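**Student:** Below are the chains, spelled out letter by letter.
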Amino acid sequence: DTTPMTIETSVPFTSHQCDTPSRSVETSPNELLTFFRDMALMRRMEIAADSLYKAKLIRGFCHLYDGQEAVAVGMEAAITKKDCIITAYRDHCTFLGRGGTLLEVFSELMGRKDGCSRGKGGSMHFYKKDSNFYGGHGIVGAQVPLGCGLAFAQKYSKDETVTFALYGDGAANQGQLFEALNISALWDLPAILVCENNHYGMGTAEWRAAKSPAYYKRGDYVPGLKVDGMDALAVKQACKFAKEHALKNGPIILEMDTYRYHGHSMSDPGSTYRTRDEISGVRQERDPIERIRKLILAHDLATEKELKDIEKEVRKEVDDAIAQAKESPMPDSSELFTNVFVKGYGAESFGADRKEVRATLP
Amino acid sequence: DTTPMTIETSVPFTSHQCDTPSRSVETSPNELLTFFRDMALMRRMEIAADSLYKAKLIRGFCHLYDGQEAVAVGMEAAITKKDCIITAYRDHCTFLGRGGTLLEVFSELMGRKDGCSRGKGGSMHFYKKDSNFYGGHGIVGAQVPLGCGLAFAQKYSKDETVTFALYGDGAANQGQLFEALNISALWDLPAILVCENNHYGMGTAEWRAAKSPAYYKRGDYVPGLKVDGMDALAVKQACKFAKEHALKNGPIILEMDTYRYHGHSMSDPGSTYRTRDEISGVRQERDPIERIRKLILAHDLATEKELKDIEKEVRKEVDDAIAQAKESPMPDSSELFTNVFVKGYGAESFGADRKEVRATLP
Amino acid sequence: MSADPKVFLMGEEITKGLLEKYGPERVLDTPITEAGFTGIGVGAAYYGLKPVVEFMTFNFSMQAIDHIINSAAKSNYMSAGQINVPIVFRGPNGAAAGVGAQHSQCYASWYGSVPGLKVLSPYSSEDARGLLKAAIRDPDPVVFLENELLYGESFPVSDEVLDSSFCLPIGKAKIERAGKDVTITAFSKMVGHALKAAELLEKDGIDAEVINLRSIRPLDRSTINASVRKTNRLVTVEEGFPQHGVGAEICSSSASVVEESFGYLDAPVERVAGADVPMPYAANLERMAVPQIEDIVRAAKRACYRSVALAAAA
Amino acid sequence: MSADPKVFLMGEEITKGLLEKYGPERVLDTPITEAGFTGIGVGAAYYGLKPVVEFMTFNFSMQAIDHIINSAAKSNYMSAGQINVPIVFRGPNGAAAGVGAQHSQCYASWYGSVPGLKVLSPYSSEDARGLLKAAIRDPDPVVFLENELLYGESFPVSDEVLDSSFCLPIGKAKIERAGKDVTITAFSKMVGHALKAAELLEKDGIDAEVINLRSIRPLDRSTINASVRKTNRLVTVEEGFPQHGVGAEICSSSASVVEESFGYLDAPVERVAGADVPMPYAANLERMAVPQIEDIVRAAKRACYRSVALAAAA
Ligand SMILES: Cc1ncc(C[n+]2csc(CCOP(=O)(O)OP(=O)(O)O)c2C)c(N)n1
Ligand SMILES: Cc1ncc(C[n+]2csc(CCOP(=O)(O)OP(=O)(O)O)c2C)c(N)n1
Ligand SMILES: [Mg+2]
Ligand SMILES: [Mg+2]
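Protein sequence lines correspond, in order, to chains H, F, D and U.
Numbered per UniProt numbering, the first sequence finishes at 394, counting up by one with no gaps.
Numbered per UniProt numbering, the second sequence finishes at 394, counting up by one with no gaps.
Numbered per UniProt numbering, the third sequence finishes at 314, counting up by one with no gaps.
Numbered per UniProt numbering, the fourth sequence finishes at 314, counting up by one with no gaps.
One or more of the hints may lead you astray.
[What the hints assert, rightly or not] Derived pair list, reagent style DSS-like, types lysine-lysine, alpha-carbon separation capped at 30 Å:
| no. | chain 1 | residue 1 | chain 2 | residue 2 |
| --- | --- | --- | --- | --- |
| 1 | D | Lys6 | F | Lys375 |
| 2 | H | Lys387 | U | Lys180 |
| 3 | D | Lys6 | F | Lys114 |
| 4 | D | Lys21 | H | Lys387 |
| 5 | D | Lys172 | F | Lys387 |
| 6 | F | Lys86 | U | Lys16 |
| 7 | D | Lys180 | F | Lys387 |
| 8 | D | Lys21 | F | Lys190 |
| 9 | F | Lys88 | U | Lys16 |
| 10 | F | Lys249 | H | Lys249 |
| 11 | H | Lys387 | D | Lys230 |
| 12 | U | Lys230 | F | Lys387 |
| 13 | F | Lys161 | F | Lys114 |
| 14 | U | Lys301 | U | Lys230 |
| 15 | H | Lys387 | U | Lys230 |
[To be verified] Some residues of chain H that are not near chain U, with every Cβ distance over 12 Å (derived):
| no. | residue |
| --- | --- |
| 16 | Thr41 |
| 17 | Phe45 |
| 18 | Ser47 |
| 19 | Thr66 |
| 20 | Ile79 |
| 21 | Ala110 |
| 22 | Gly235 |
| 23 | His277 |
| 24 | Gly295 |
| 25 | Gln316 |
| 26 | Leu339 |
Please keep in mind that the hints were generated in silico from the structure rather than gathered at the bench.
None of the values given here were measured: they were computed from a predicted structure.
We put the beta carbon where it would ideally sit given N, CA and C, even for glycine.
Based on the provided sequences and hints, a complete structural model is requested.
**Tutor:** Below, the structure written as structure tokens:
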């Protein structure tokens with residue numbers, strides 16, 4: 033059912049150096065149901081990853097996105113797969129939004145062959161180049177200049193597409209962001225800097241890390257928009273607006289007011305630097321999935337039962353993918369030496385004991 | 033003659049997020065004559081350095097400050113030697129302003145023993161710690177966080193003093209500047225960022241390097257002031273204002289509108305990216321020395337002849353210092369291995385041929 | 001830190017304990033802006049304070065590396081001794097478990113190549129305590145490379161080490177295990193591997209001497225040299241990339257094995273190092289990418305049996 | 001560059017000539033923000049363009065080194081081949097004349113240690129032309145270390161080199177001068193020094209073989225090895241700091257002298273390198289801080305006469 037319908041965002045947009053998009057967002061029953069399903073799937077996937085981590089099937093870092101799903105989903109609804117996305121280490125759901133599969137996610141998380149990076153990247157390094165998802169980056173802030181570089185390439189190639197570079201509130205103070213913004217503004221690059229403000233960088237509250245936590249204004253001479261990042265429709269509206277703006281006028285900043293339910297990574301219980309009340313307050317009042325559920329029910333687009341069924345389906349999908357991922361083998365040991373270079377010219381490479389293990393790079 | 037007198041700056045200050053200091057500047061005949069003499073000395077020194085460079089007595093880089101003298105001189109008039117200064121590579125006159133001697137300058141430029149860094153630093157690396165001058169830095173922008181660190185130390189030590197960190201318009205886009213500014217604002221550091229806007233970073237005009245060349249506003253949430261940097265009195269007024277502000281409220285930016293007559297360094301004729309008319313226009317209308325000369329004559333504080341005599345004296349001082357510096361020996365070859373560490377614990381260090389030349393670090 | 005009020009600590013996500021003990025004036029939580037806060041730390045050191053700058057891991061020190069090299073390491077020299085820089089840069093270095101390519105690099109050889117820096121790398125609790133104190137007291141910039149995986153391990157500690165006056169000398173290696181057949185040099189986590197390898201080698205009748213380098217710069221060339229002159233065989237172990245690594249230096253340093261001890265070597269030196277690839281995530285590949293105890297054992301045996309093997313091959 | 005429209009150039013103060021030839025769309029003047037524009041360059045390479053990122057000198061690449069290492073070198077590996085990074089980082093490297101400590105560092109050993117990077121260092125016009133073209137055509141990130149002092153020198157160039165199709169292979173060293181008595185390895189400016197040293201040595205009856213490394217990574221271990229097996233003596237020359245340097249690698253590399261050619265060495269290897277100090281400004285000190293021709297001659301003679309000297313000393 034793609035009948036157009038219009039829904040008002042509950043919070044107005046706040047703008048800096050630019051117009052403000054309308055609060056009335058065009059959508060359709062279909063879109064709302066898709067939002068629901070996609071976000072439910074992301075939520076379920078992240079919760080399953082949590083369990084796999086606790087079962088020691090995932091190692092190292094694992095940064096979960098639950099709470100922030102509306103950003104990934106709303107953004108995708110506004111753009112096409114020819115637009116580029118790049119983000120930090122909290123990348124599972126963004127990857128899914130770009131069309132990545134659960135099997136690829138879980139296999140990568142467990143370091144298996146069927147992972148999107150064949151097990152070589154790990155949790156922080158997901159990519160899907162065929163739909164213009166460029167990672168998955170572990171160095172805070174680095175993805176912002178990289179994203180502006182993608183935007184440069186789009187403009188250079190006259191592709192009439194844009195890049196969304198996502199970063200956190202903690203990353204928003206990084207100097208390279210200001211450097212890249214200046215260059216992007218000078219060169220009118222179609223770059224959209226999306227600050228996912230979940231209000232904490234690890235255990236540090238935004239106001240302890242930033243003198244001015246009004247991230248949508250931090251571009252100074254670059255326009256910005258503050259968006260309710262818990263509302264997929266608001267996100268969609270803002271991203272549409274930003275894409276148009278960027279193609280015409282160059283860079284723009286979107287600050288998404290959002291929240292992560294989980295701790296920063298798996299070693300962080302997430303409750304030492306914020307109160308349980310704060311977390312449950314957000315869950316009750318602003319949860320992105322519940323918001324859409326309410327909308328669907330209010331507009332009679334589906335019954336409660338139908339939505340529960342979707343959730344059940346999603347659960348099964350996730351369980352099946354995990355089962356399949358567990359069957360996926362570890363990468364072959366020869367993979368140690370693949371992909372060091374595209375072209376190795378027959379150079380030698382060495383293992384830890386260089387006389388025992390060495391390879392010729394093709 | 034220290035009779036107070038008041039002089040109006042010819043250009044008003046422009047402020048960002050703060051009050052504007054009064055255009056009426058308190059001064060005295062004595063101060064004006066000192067300004068004249070000090071600036072004439074700096075000018076002469078830089079012109080002599082130019083000749084020495086052309087005579088191949090100075091090697092490598094040599095960045096001259098002529099045109100910008102009012103900044104060094106006005107700043108010193110507002111502060112004490114307990115306040116810290118740190119700058120980039122264009123550091124000869126700042127060093128002189130802090131009480132460094134001509135002999136130290138010329139000896140360092142020629143790589144001699146009597147240089148302020150015993151010939152080991154070179155043109156870009158002058159220091160005078162006993163009057164809180166911390167260099168002389170060759171990496172564009174690096175001195176800004178360093179300066180904020182000095183300010184941190186002053187506050188930590190409860191010294192009630194401030195730091196002036198000078199940087200160019202080119203440097204003003206550096207990310208580390210924004211990082212340091214955020215931290216300084218969070219911690220209320222008594223840091224004054226002085227952007228010496230001479231309108232070019234090497235051959236690049238400000239507007240080609242910055243989307244927003246309003247440098248006094250680039251601190252966004254940090255206050256700023258735009259100052260006529262060709263007017264020593266305006267500089268003095270602004271620096272006094274900034275010092276008070278910084279001790280009370282933390283960081284502030286001063287943009288000094290100034291001009292360098294010479295090219296960027298000695299290999300730059302300085303005339304390919306700007307017109308000769310532009311240069312001679314500034315010389316005629318805004319020259320910092322001529323402005324003070326006119327003030328002195330207009331107020332009958334000295335005769336034209338007396339001022340010419342000062343210039344003659346200054347010339348002789350410079351010539352004498354050069355003669356003396358030429359007599360200064362090269363540093364002893366043992367200096368190759370001194371000052372690598374303060375404490376070397378008897379570690380070995382090596383020359384190019386390690387079996388021929390090696391040293392034990394004390 | 002309690003002894004000298006000029007010492008202060010800054011970095012991201014600093015542990016609550018220290019903050020409570022020394023207060024927010026001396027323990028400063030910073031935003032995620034390494035270049036900015038490192039520059040501020042170095043500036044504070046110019047003024048005469050003694051900052052301890054913490055990186056969450058040394059991978060992030062690359063954001064600030066210009067300040068470590070150009071602002072810290074070179075200042076005392078460029079100023080002919082006017083501006084010394086008493087600062088410590090510390091943090092976990094090298095591979096942790098399962099953190100992938102961007103979070104696993106070892107910076108010992110990079111920082112160890114730079115004149116003006118001191119580079120320390122503790123292995124045991126004794127090292128950590130004694131070397132950190134030495135680093136903080138030192139008037140020069142010190143890069144202090146810790147290892148996340150060692151934070152979890154426990155070591156026996158003597159009373160001497162627990163004494164508040166305990167401190168270790170900079171620039172001196174420690175012979176962790178004396179032996180006569182083969183010298184194994186290592187630092188950080190790899191010292192533990194080398195010691196375990198030595199135990200296994202003992203079962204095969206090989207008596208290995210294990211040197212814990214402790215200081216990468218200055219390198220204790222004389223201790224290494226003396227050992228090699230005794231054992232006539234050398235295995236170097238490190239976690240970092242092999243090319244231009246610490247092992248390469250030890251093998252060829254003039255004051256060291258090849259050049260000065262040239263006449264003494266009975267077998268080619270053996271270098272064990274991280275594999276020459278970015279760190280993979282998958283557990284099986286990761287295991288191949290970092291030196292294992294059996295790699296050290298194998299290399300040591302090769303060094304000891306080499307003359308035989310060569311003869312057999314000929 | 002004219003061949004492939006995907007190639008573009010970016011950096012500070014780029015020469016007018018190129019701008020006029022290729023226009024402002026393909027030749028981009030950047031602000032002085034190395035981290036920012038390098039990140040942008042790498043991002044553009046992710047997309048499939050072929051950026052040539054120019055640093056005014058490689059000293060300033062430290063501001064952007066995280067992008068070179070973490071964003072460029074490791075991406076192809078981390079993405080299992082999805083995101084390759086066809087980019088060239090170029091600029092003058094190492095000591096120029098009289099520019100002091102912050103502007104004189106050689107980055108060959110640092111970049112050369114990193115898997116995923118290719119590191120080239122031309123000496124002559126032939127090298128510059130052939131290697132730059134190879135670098136631009138290469139699908140992987142290439143660090144291209146030039147030398148300011150060589151820009152001024154002129155070299156004889158053959159017709160072959162001038163041909164528009166001329167290109168050099170990556171990973172191959174060039175024997176600049178064949179000889180039988182001692183192998184001298186060098187790169188960049190030091191190749192010239194080594195060749196001049198060889199001329200002087202010839203007068204003393206020593207026939208030196210001079211190897212121009214050209215590629216620091218991959219290192220052409222087989223060419224070096226073959227030469228050492230012939231001459232039985234090795235002198236390595238570089239301008240950079242000695243510890244963990246290119247010379248250290250050559251001396252100890254398994255495929256190289258010490259390990260594989262162990263049986264072949266008649267004398268300890270000799271390492272000639274920059275002095276182990278920050279670069280001083282004063283002309284006399286600066287001269288001592290970089291290898292001179294006579295240092296190479298002396299080291300080569302020592303290698304050739306070592307047996308004699310040893311005997312005398314014994
Ligand atoms: C340069 C750098 N410094 C420090 C870290 C360690 N670190 C990883 S995530 C993180 C917090 C980032 O917070 P934010 O940008 O708000 O993103 P969020 O995790 O909230 O999504 C830090 C400090 C890093 N990865 N890179
Ligand atoms: C990080 C870095 N990049 C590039 C350079 C080369 N460089 C030296 S000075 C300069 C121009 C700086 O201009 P500006 O900040 O306006 O200062 P000015 O020279 O005008 O005083 C450049 C690009 C450098 N020294 N450091
Ligand atoms: Mg956050
Ligand atoms: Mg300028």
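**Student:** Any of the earlier hints contradicted here, and which numbers?
**Tutor:** 4
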